[in-house]
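Got chain X sorted already, so can you dock chain A onto it with the hints?
From first to last, the protein sequence lines are chains X and A.
Counted the way the numbering used here counts, the first sequence spans residues 1 to 310.
Counted the way the numbering used here counts, the second sequence spans residues 1001 to 1249.
It is worth saying that the hints were derived from the structure and are not from the lab.
Among the hints, erroneous ones may be present.
Here are the in silico distance ranges between beta carbons for each label pair [what the hints assert, rightly or not]:
1. X:R105 x A:Q1011: 52 to 60 Å
2. A:S1171 x X:F213: 22 to 30 Å
3. A:A1008 x X:R194: 39 to 47 Å
4. X:S227 x A:E1200: 22 to 30 Å
5. X:R105 x A:G1202: 46 to 54 Å
Every beta carbon over 12 Å from chain X, so not counted as near; a handful from chain A, in silico [said to hold, decoys possible]:
6. S1038
7. S1171
8. D1177
From a predicted model like this one, the values you see are computed outputs, not experimental measurements.
Beta carbons are placed, not taken as given, at the ideal position from N, Cα and C, and that holds for glycine.
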Amino acid sequence: MNPAPSIVFFTTASGAGYGLLFWLGLLRPLGVVPATPAFALICLVLALLLITAGLVSSMVHLGNPQRAWRAFSQWRSSWLSREGVAAVATYVPALGFGVALLADRPGLATLAGLLAAVGAAVTVWCTAMIYASLKPIRQWNHPLVLPGYLLLAGYSGMALLAGVSALGGVVGGPASFIIALGLAGLILKLAYWRKIDGAEPIATAESATSLGFIGKVRPLDPPHTESNYLLREMGFRIARKHAGRLRRIVLVAGFALPILLAVLATQIGGGVALPALALGAILVLGGLLVERWLMFAEATHTVTLYYTGR
Amino acid sequence: MTCLPEIAPGQKKLGLVIDLDTCVGCQACATNCKEWNSSGHSGPLPDLKPYSAGAEGVWFNRVHSYEAGEGGDGRTVHFPRSCLHCETPDCVTVCPTGASYKRIEDGIVLVDHDICIGCGLCAWACPYGAREMDEDAGVMKKCTLCIDRIYNETIPEAQRQPACVLTCPTSARHFGDLGDPESAVSKLVAERGGQDLMPELGYNPVNKYLPPRKRSSVAAAPATPHEAAPTPMDIKNPLLRWMDKVLTR
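Here chain X stands alone, though its shape is the one from the complex:
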């Protein structure tokens, strides 16, 4: 599948923003992060900036962005529509959270924060289901895709939360969350790659053409000599050697180094914690951009069976 930059950026940035919103709303009442309104406001602004930038980027992907409002109508059947509804709905408690913080209403802020956390989780769930529900793409229509999106949104959100927490002098709690979420994400990605590499194809050139009763089917003449929308959108293929190298970049930059930096921040602390966690957050976001690019580039669509037989 074509890794359109607007969509890769959208799912990564919005994922991190919703992750940050989720942890902020959930962990603030538990006292794991600094309790000052200033801290919550910085995190909230950062989260809403990332979410909004992502949503705007996703609009760039549309052929008719001025009609985007119509996408709120089909929530009964469409995960994309549900995502739109959830994304917009989440702004309500998120902005309420900000207003309550500014108005110094801690009880209301806690409630709005928790509601925003629920909205963030639901939105990322819907985003993941857009991909996980597409039957022609076996790498997406896979049980590990939904937990992957949720976990990585939480992981990148936590990396940002830890960076801002370190500004306020709180290190231990968020950093240990990074280590736990990072290890879980690392294991999940390794398991996912192992599964998709070893999986049987969901359909074959034989079943796609109904000619399997004659024998093996292979393309002879193409229907057109130039490219087309289908080939550009769904025929994108990444060379195996690049995929291998990019996966290693994801594992090292996106997971191993941020986990090590979080360990460093908790063990040494002091002046090291802030730069270590800030660098960790940048590495997580960069690593996840590559991870999301690969999520598209490595996905194959059944329409290529008609063109290449594979």
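Chain A only, in chain X's frame:
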């Protein structure tokens, strides 16, 4: 609306039956489809860089050719690919705007180009590659089963058929109601063992493909080369030719 209509038994299901035995891969169906639909319900069907290298455009019908089987049993099969107007099409249910819909009255899957936002999700959801984006207008386009022909009372009744069906020089394409077991197309499907494409994905396509027929035993017999016997006209001398004629009698 993008929720699928309830399909009652005996519901009209308009679709195509494509005969892979007689299709000669001439591309006439694809060409006439492009011609009709460029100015019909879905028009225009744009072309990008039409007069230079990299010319490409939106087509609703693409004719592939395949080799199937090995050696003497191998076949070359021409294979037209277009929208199958599935009974359970995910391209409809994934649509966030309601632009993509399946008509309850005849099962045709259509796009309302006035409300499509061009997100492309329906093309991802179609396993058959039936939808192509009009990148000029920013909306998705697809086969309409020539909805502007089949119900068009301004053209002679015999021509109220999809453009691809009308133009096929070998009558490899048939149009009709596949929901009616007594229709000509349903009988053809029953008689010839019409097949679904990628049935394992569960989209329940309405269009059916008739498999190439078994080869006759004559064609399968090993051919041993032999010298052709001379015909009377090969004998130039008229006397000898007369003698040959008399002696062979």
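Now for the hints, and whether the structure bears them out:
1. X:R105 x A:Q1011: 52 to 60 Å: At 58 Å between Cβs, range holds.
2. A:S1171 x X:F213: 22 to 30 Å: Holds, at about 23 Å.
3. A:A1008 x X:R194: 39 to 47 Å: 46 Å, holds
4. X:S227 x A:E1200: 22 to 30 Å: 28 Å, holds
5. X:R105 x A:G1202: 46 to 54 Å: Hint holds: Cβ distance 52 Å, inside 46 to 54 Å.
6. S1038: Holds, because the least Cβ-Cβ distance between A:S1038 and chain X comes to about 16 Å, which exceeds 12 Å.
7. S1171: Holds, since 20 Å exceeds 12 Å.
8. D1177: Given a closest Cβ separation of 21 Å, the condition holds.
Hint check: no violations occur; every hint is consistent with the structure.
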